[in-house]
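Peer 1: Chain A is fixed; fit chains B, C and D onto it per the hints.
Residue numbers (this note's numbering), protein chains in the order written: chain A, 1 to 350; chain B, 1 to 350; chain C, 1 to 350; chain D, 1 to 350.
Among the clues, some could well be false.
A pair counts as met if it fits within one copy or between any two copies, since identical chains are not told apart.
[To be verified] Only pairs whose alpha carbons sit at most 25 Å apart, straight line, appear in this in silico DMTMM-like list of lysine to aspartate or glutamate: (1) K164 x E318; (2) K55 x E280; (3) K55 x E289; (4) K316 x D210; (5) K164 x D105; (6) K164 x D107; (7) K316 x D218; (8) K164 x D226; (9) K11 x E127.
Worth flagging that the hints you see were computed from the coordinates, not collected in a lab.
There are 4 protein chains.
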Amino acid sequence: MHAAQLVSYEKDFQIRQVDDPTVTDPHDVIVRVGAAGFCRTDIHLWLGQFDAMQKGAGVDLPFTCGHETAGWVAEVGSGVTHVAVGNAVLLHPLSTCGYCRACRDGDDMHCTAGVFPGVLAPGGFAEYVKTGARAVLPIPEGLEPVDVAPLGDAGLTAYRAVKKALPLAYPGSSTVILGAGGLGHIGIQALRALSQTEIIVVDRSQAALDHATGWGADRAVLAQDDGSHIAEVMELTGGTGAQVVIDYVGEGGAQNDAVGMLAANGVDLLVGYGGTLNVEILTQALFPETSFVGNICGTYNELAELVALARRGAVKLETTTFPLERVNDALHSLNEGRLVGRGVLVPSAS
Amino acid sequence: MHAAQLVSYEKDFQIRQVDDPTVTDPHDVIVRVGAAGFCRTDIHLWLGQFDAMQKGAGVDLPFTCGHETAGWVAEVGSGVTHVAVGNAVLLHPLSTCGYCRACRDGDDMHCTAGVFPGVLAPGGFAEYVKTGARAVLPIPEGLEPVDVAPLGDAGLTAYRAVKKALPLAYPGSSTVILGAGGLGHIGIQALRALSQTEIIVVDRSQAALDHATGWGADRAVLAQDDGSHIAEVMELTGGTGAQVVIDYVGEGGAQNDAVGMLAANGVDLLVGYGGTLNVEILTQALFPETSFVGNICGTYNELAELVALARRGAVKLETTTFPLERVNDALHSLNEGRLVGRGVLVPSAS
Amino acid sequence: MHAAQLVSYEKDFQIRQVDDPTVTDPHDVIVRVGAAGFCRTDIHLWLGQFDAMQKGAGVDLPFTCGHETAGWVAEVGSGVTHVAVGNAVLLHPLSTCGYCRACRDGDDMHCTAGVFPGVLAPGGFAEYVKTGARAVLPIPEGLEPVDVAPLGDAGLTAYRAVKKALPLAYPGSSTVILGAGGLGHIGIQALRALSQTEIIVVDRSQAALDHATGWGADRAVLAQDDGSHIAEVMELTGGTGAQVVIDYVGEGGAQNDAVGMLAANGVDLLVGYGGTLNVEILTQALFPETSFVGNICGTYNELAELVALARRGAVKLETTTFPLERVNDALHSLNEGRLVGRGVLVPSAS
Amino acid sequence: MHAAQLVSYEKDFQIRQVDDPTVTDPHDVIVRVGAAGFCRTDIHLWLGQFDAMQKGAGVDLPFTCGHETAGWVAEVGSGVTHVAVGNAVLLHPLSTCGYCRACRDGDDMHCTAGVFPGVLAPGGFAEYVKTGARAVLPIPEGLEPVDVAPLGDAGLTAYRAVKKALPLAYPGSSTVILGAGGLGHIGIQALRALSQTEIIVVDRSQAALDHATGWGADRAVLAQDDGSHIAEVMELTGGTGAQVVIDYVGEGGAQNDAVGMLAANGVDLLVGYGGTLNVEILTQALFPETSFVGNICGTYNELAELVALARRGAVKLETTTFPLERVNDALHSLNEGRLVGRGVLVPSAS
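Okay, chain A solo, but in the shape it has when bound (with noise of 0.2 Å):
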């Protein structure tokens, strides 16, 4: 089959020809991948921002990348039972063994045995891909695979946050989203869609924030150098703080924003990443009482509920599809901030 390849560290992808993957475990599950999405981890795994990770576990360039796959069951182990060949999935990104006390309380992705196509393993930046009967889910009626393929990472950690501040965002209470990109447009939409708190958007960039109150945000703040938007939000708050923070960013500074949006007893979901949290304990965490929850992506059952809402029609995607072979043109189009949306590659099998 054909895979779009990474070669060599920040260098084009390839289309290479390569074996396809075959069943080998009775859980194993071929699915032809009818959407891939490209997320900013493939610009770090394309970096080599992964390389140790990568080698530690044995993977080595030539690497397809593609954690963010749907598509279509085309072959499946002798162990698997709720999906059949030809059945519409999408995959969770990570395979997960059923085995471990994780699987068994419903927390896959810290599954003592888990296998991560995309990144650990060949993922779907491909024709075929393989993973395991535990990650597969099937996409409902009304729904296609190029409609959801981004819900399985970049949704699914968004979706999982807001889910984490839904007890917290009760009617009356304020919600702060810091970032209106890949992630926040999903979370504004989903938190928008299962509460009446005020959602208020912070970003530093006036377009994005454009977007946001049309995906029902109730204000927009605009994050400036100075750092007098957390003064706006504590004035847009009446002067309490927000009860919950999502922090969608996670670098540049604004991990530590938080800190002074919070209300008493505030959560500070953390979701985007690259920086370091700087916490004074008595006055940051003990006196307000503040707790700071880390997020990465989310059950399997948590991207069914995802992907009920994106069936409801309340949480849409803004995607732009490339060809497979254009894969270089959704690296750097991404890479460059020239995207609209998330990217989404498409097999011409597809």
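Peer 2: Coordinates of chains B, C and D only, in the frame set by chain A:
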């Protein structure tokens, strides 16, 4: 192999030669039985009370009971990765699929494709039993199959209710346990190990109550035909009622005692069965804002927790062992109320 | 002042001259009534169904009903700090002590020293009413007393049940609402505003169902004498049943419909009353692990949340207003099923 | 009356004659002091570290410290109903309003109108102290003020963190407690009384560790300058890390130890202070999905629970008592590390 089979309702079990179970699915696990608890549900099966349910599931006599089984792994299917031949294991009662929403939530008992050995498939009153990989829990060093078999159902059922009670069983609260029998003696120990709630045990048998304080109860109340034990519980709680009632009886009228013993916002945890619960909605559910909460066995992770409690010595089973061929002694002594603790069958080979 | 008083059961209310309430405790708040909801509970009072409860509390006829009151603060005791004379306020139904464990947990309805104007103390069918400081909720700008009075009891009761439903009403779930009347029309709107669960409304009245989709319901099912609506709900949920039922009816047999409509781990939220709930423990509570959860009004903070929903336009009340002296018109039109929406009494002075 | 006052920072406290406190608000309660804990926060006050905060609140020297007070009710305002003159009481550190959203949620520490005797108002190092009705907790029979005074702050703070830990401290889990000092010795006992988690205590003092197993710890690990105690904790947990860390230290580098000791989904409960927490977001918060949770004292109901634990003998305080006039002995022995257990001042009159 030999199995103790129910050939005709209300007749003695017969030791019969049956085919050894074999691996037919990648998730199958064949366990050499080391110990099989004899449970009151086996009496219900023996009496034919599950006949319609079994017939509906295509199960017929002769039938091998036994749903509280522990032993050693004898053979595994190709999809089994977390246990190996020779491992000592305790069986969760339900063999689950790992693919449905319930399984993915850790809610094992509501698997939509579960198999129930000993009730709806051949069980543990035999030399070998077949179950699925997700039902097999490794036993830690220091515990033997015969020590833990009854934890698989009776223990797990008792523990799940305790676990639901804990958030309400804060220091200064009162918890009533109805029934100091097979489940109660585990429930009392577990509740004592995990809380400092005032434990008030109610039973019709003074002998059972005499044991209860040794298991950790603070107070013992003899149930009376005139219902005066309800007033006694109210008095012991200073007139407010208990925060929680765990009803391990569920029949003979006891099922309606809880409403008279509960404080505002109280929870009645239903575990024992046989009766019908009647609730006058306005005065017994709305005004006091009472919850009536059903329980059925428990999850695999809860079973692992219970085994951890046993390993710490925090929960000790009282058992009487019988060689498998003496199955009818176990039956009759339980049925006639002569059995001390839980009965456990041990195949000769073990 | 004038008050509309119940002088004799089942006889028309009388407009009588009574003493103005006065501040006798530091926590007292005297409210000039702007609007007083006429609730079905007032019919129960009128019929004398609460006679024994009232007598037990030393309350006798003539009596001033009215437990859904909004207005303006007229006078406050020396211990009142959060509201001032002239503030527009909505009254939580129960005046609470602030000292008992329930109050300290935010569990207002179970205050051990609560006072209940309109049921166990003079209520809001008058020009002035006395309550306690902790019952007084400031109304935000943009809302008037007449807009919110029925939120104090009917709305709060409907909302609390919705709030308990939310954790189970995840995207992809189904929620059944029994009863599209006074409580149901608020419950449906609140549930729609806070979830994307599939809302299935069941009612005996086609006219009520016709409104329900406008309030946000996805499906409307006509309740039938033969109980066939239960099968219809099962079919609408794809055979699994609903995750939650909110029963705003609670009598006439409807109270026993939920068990046939619930999925595994389902929750039956009891709100309506009049009937007795009968639960066959093994098959209706244990096997499906169902919970039956009582509800009574709600907390002060929940009332504040509901007012926030109203302020956002997410919950709109349908009301018919009557001058206070036309109280009997409200009574009879409600009693005879002619009332559209909630009835609200407005004193002439307001 | 006599009070031990801070007249000049870093100078000995002086016994001075000051006015008796008087009832000026309906909620005031005057308590005759029976015992006043001398806490490390009093050292911070003595050093002037809270000078800016106090000045900002209009508080100046000379000042009466003491925020861990117990005694007997001497006088009450007209709005106080739950205690009477002569009752033995323990004081919650914060006097709360009962009207704000936090109070109504039971979240006492975040009252928007709280008064903090001993820090921002005259405290308990005196014969009498004034507080508010909602801060006054009756002490059950069998306990004396001198037995419980330090529970009011040190105990409550230790307990609240334990309470947050409990849902994660399931049987089979591991919990690390950093610091076996004044808070740690209460935290360990409370955690032992309420869980069967494997308790691993880490401290720089072997003497402190020697006591820890007596309080209920399972393992004691000596903290080392080279950080090797982190690896030791990992080994004790079988390589997975602990489910929870309770950090009673919070400075000197210990505040950054938790991230190396936690399992996936782990929670770092921040209690001790002085340092800054630094979290590399991707690797220390996102990948392991860690939560960092601030804690400040606790709620009134939590204090009641802690007193219930003390009454059952499940938590025992180690104290050294000093007559009030020997306040400087308490100061210097604590400051120089010579104090055994918590210091408690007792006015002569008591």
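Peer 1: In ascending order, which of the hints set out earlier in this document are inconsistent with the structure?
Peer 2: 8
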